[in-house]
Each structure stands twice: as C-alpha cells, then as structure tokens.
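Residue numbers (the numbering used here), protein chains in the order written: chain R, 412 to 508; chain S, 412 to 508; chain L, 412 to 508; chain F, 412 to 508.
Possibly wrong hints are sitting among the right ones.
Derived SDA-like pairs (lysine to any residue); straight-line CA-CA distance at most 25 Å [said to hold, decoys possible]: (1) F/Lys463 to L/Gln452; (2) F/Lys506 to F/Met447; (3) F/Lys506 to S/Val426; (4) L/Lys446 to L/Ala425; (5) F/Lys506 to F/Asp423; (6) R/Lys460 to L/Glu503; (7) S/Lys478 to L/Arg431; (8) S/Lys506 to L/Lys478.
Just so you know, the hints here were simulated from the structure itself, not pulled from any lab data.
Number of protein chains: 4
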Amino acid sequence: MSSCCGQGLHLDPAVREDARRRLRSIRGHVEGILKMLEDEQVYCVDALKQVKAVQGALDKVGGLVLKSHLQNHVATAAQRGDAGDLVEELLEVLKYR
Amino acid sequence: MSSCCGQGLHLDPAVREDARRRLRSIRGHVEGILKMLEDEQVYCVDALKQVKAVQGALDKVGGLVLKSHLQNHVATAAQRGDAGDLVEELLEVLKYR
Amino acid sequence: MSSCCGQGLHLDPAVREDARRRLRSIRGHVEGILKMLEDEQVYCVDALKQVKAVQGALDKVGGLVLKSHLQNHVATAAQRGDAGDLVEELLEVLKYR
Amino acid sequence: MSSCCGQGLHLDPAVREDARRRLRSIRGHVEGILKMLEDEQVYCVDALKQVKAVQGALDKVGGLVLKSHLQNHVATAAQRGDAGDLVEELLEVLKYR
Numbered sequence: 412m413s414s415c416c417g418q419g420l421h422l423d424p425a426v427r428e429d430a431r432r433r434l435r436s437i438r439g440h441v442e443g444i445l446k447m448l449e450d451e452q453v454y455c456v457d458a459l460k461q462v463k464a465v466q467g468a469l470d471k472v473g474g475l476v477l478k479s480h481l482q483n484h485v486a487t488a489a490q491r492g493d494a495g496d497l498v499e500e501l502l503e504v505l506k507y508r
Numbered sequence: 412m413s414s415c416c417g418q419g420l421h422l423d424p425a426v427r428e429d430a431r432r433r434l435r436s437i438r439g440h441v442e443g444i445l446k447m448l449e450d451e452q453v454y455c456v457d458a459l460k461q462v463k464a465v466q467g468a469l470d471k472v473g474g475l476v477l478k479s480h481l482q483n484h485v486a487t488a489a490q491r492g493d494a495g496d497l498v499e500e501l502l503e504v505l506k507y508r
Numbered sequence: 412m413s414s415c416c417g418q419g420l421h422l423d424p425a426v427r428e429d430a431r432r433r434l435r436s437i438r439g440h441v442e443g444i445l446k447m448l449e450d451e452q453v454y455c456v457d458a459l460k461q462v463k464a465v466q467g468a469l470d471k472v473g474g475l476v477l478k479s480h481l482q483n484h485v486a487t488a489a490q491r492g493d494a495g496d497l498v499e500e501l502l503e504v505l506k507y508r
Numbered sequence: 412m413s414s415c416c417g418q419g420l421h422l423d424p425a426v427r428e429d430a431r432r433r434l435r436s437i438r439g440h441v442e443g444i445l446k447m448l449e450d451e452q453v454y455c456v457d458a459l460k461q462v463k464a465v466q467g468a469l470d471k472v473g474g475l476v477l478k479s480h481l482q483n484h485v486a487t488a489a490q491r492g493d494a495g496d497l498v499e500e501l502l503e504v505l506k507y508r
C-alpha cells in the first residue's frame, strides 16, 4: 500500500491503540453531526463548528502517528540507510491536503 | 446552541442532504481506518495518509456549508441588520482549529 | 486585476492603513530572517520558527482584510445583487494556497 | 535562541542560499503589496490574493528548510542520541501557527 518505504516499519502498538480509541470517538462525533443534520432547523455555523471539531480531533490522531513515525522510523533512518525515501514520503504526506 | 446568531437561519435543505451523504461516506472511511489499525503491521505513513484523506473530505463538507452560509445568510445580513454579529461569528469559526 | 467583481468596492481606509503598518513590520521581519541566514551556523529550526512567525503575521493581515470585505461587501451583496460572484470569488481565495 | 537542541547542527549551505534567494523575492513581493495598498481604490480580494501568494512562497521556504532538517538532523538523531528532543522541538514548530 505504501509507495516506497515502510517495509518492516510498523506503527508502535501503544500509539496504534491510542489512535483507535480516538478514532472510535471521532466516529461517534461524525454520527452526532449526521443526527444534527436531520434537523431542518439546523444552523450552518453550528454544523461548521462540529466539522471543525472533528478535524481538530483528527489533527490530534495525525500528530500522534507523526510523532511515533519521526521517533521510531525517521530518527533511525540514517542507521538503516533509507533517509532519502522516508523524508520524501513524509513531506509528501504532510502537504497532502 | 449557537452563541449569538442564527435565529431563524437554517442550512439549505439540498446542502444539508449533500453534507449528510458525504458524512456517511466519511463515517465509512473512519471505519476503514479503524480496521486498518487492527493490523499490527500497519505502517505509520499509510495510516497518516488515510487520516489526511478524511480531513480532505471534511474540508469539502465544511466548504459546502460555508458557501451556503455566505450566500444565504451573510450576503443578506445587511438587509436583516445582523452583519456585525454574523461576521464575528464566522471569523471565529474559520480560525477554529 | 480582480477577475469578476469588486468594481467600485474598495478596501476600508482604516483597514488599509492598519494592513500597511503591519506589512511594513512584516517586511522588517523578512529582513531579519535574511540577516539570520547570513550566519553559517544558523540552526534550521530557528529559521523555521521565524518563517512561521511571519506567516502568523500575514494571517493577521489577511484576517483584517477578510473581515472588512465580509462586513462591507459580502454582507451587502444581496442589496447590490452580486452575491453569487462575490461568494465564489471569496471561496476561491480562501482555499488559495 | 533555540530552546533545546541544535548545538552544532547547521542549516545546509545550499539550502541556506536558496532560502535567502527566495526571501529576497518575498521581500519584494511584500513591497509590492505595500505599494498596492497606497491606492485608495484597491479591492479587498486583490489584496487578499497577494497576501496568500506570499504565504505560499513562505510555505516553500519552510518546506525547504524542513526537508533539510529532516534529512541532515532528524534522520541522524538516533546516531547522535538526541531524537527525543529533536522530535518534540519539530512537532512544536510544525503546529506553531
């Protein structure tokens, strides 16, 4: 699935657990917005705020995964010899959106 | 729920429907990441990409709601006389994250 | 220069003055980074922080201009009859980067 | 100036040169906006577009410095033994704004 790198590099188990916990809560938050949008009287800005809140929660998940990747894989890249590929890949994903 | 404004201002029904359709797909995408994170071998950057993709989809939803709000409520604010409040509120939510 | 709209719509003089004052300070900040980068011993993250600080200051300028535009031009758009164009144009510029 | 790290870590000379070249051009761009804002007839969105363009150019500079930092300092951090500090510091600056 990954383009270039990551063979044998796995997300830290504790971070993976934390990310899953947060994503379950995010799924619930999305459910909440869906419910909110059933109401014909919903106000645009109230919906907008909820969307932003979910994005903030996703930022948090992304930050955890990024930190783990930097610490466990990027910081050790020179030792493994794949620094060039890993850095390119990371920069690509950081400007993704 | 809304702080200052929005009395009698409702999200356009067609936009509301579109947003719901997209949010159901986003919920499915979050499910997909949860499944992905069950795998002990998952690679950080693959997870990161999926998180970014969901954020992109949420940006889209936010953009639709924002457009509708600008067109239906902000652009008519001077006629109603609540421009000051509506603009403050909007700027607040735009820098939310 | 502007694509579609803005005929006869001018930036509020006080905001224009404030933006100029801030941009002069931003120019000085850029000068400072240029000076900083003359030093062969400069540390990446120190440079990065300064770049981010300038971007924060530019965000501020953008926010002022945006607020003025929303208040003086978007909120009155329905009265003038150019809401559609103005909103399209604004959404375009908001996702510019 | 830097909080925790960076002793003996210097920005790559070629990147430093490239960043300076770009920042000189950015300074000129800021000059241009200052001139633009002397005009009483300037349209908000035209000013906004220029501000966004400068931010895009600064993103580019930031990206170059970040890439160099990742490659030359973060990827070698495990060898030096300062991975923890460097990663904390980097995450801090990435969410700066």
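Results of checking the hints against the structure:
Distance check on the hinted pair: F/Lys463 and L/Gln452 sit about 31 Å apart at the alpha-carbon level, beyond 25 Å; violated. A hinted pair counts as satisfied when its Cα atoms are at most 25 Å apart, and F/Lys506 with F/Met447 does not qualify at roughly 31 Å. As the CA atoms of F/Lys506 and S/Val426 are separated by approximately 32 Å, the hinted pair breaks the 25 Å bound. The straight-line distance between the Cα atoms of L/Lys446 and L/Ala425 is roughly 32 Å, outside the 25 Å bound, and the hint therefore fails.
Among the hinted pairs, F/Lys506 with F/Asp423 is consistent with the structure: their alpha-carbon atoms are about 23 Å apart, no more than 25 Å. Of the pairs offered as hints, the one joining R/Lys460 and L/Glu503 holds, with about 21 Å between alpha carbons and a cut-off of 25 Å not exceeded. Annotation: proposed proximity of S/Lys478 to L/Arg431 is violated, straight-line Cα distance about 29 Å (limit 25 Å). For the suggested pair S/Lys506 and L/Lys478, the alpha carbons sit about 12 Å apart, so the restraint of at most 25 Å is met.
The earlier numbered hints that this structure contradicts are 1, 2, 3, 4, 7.
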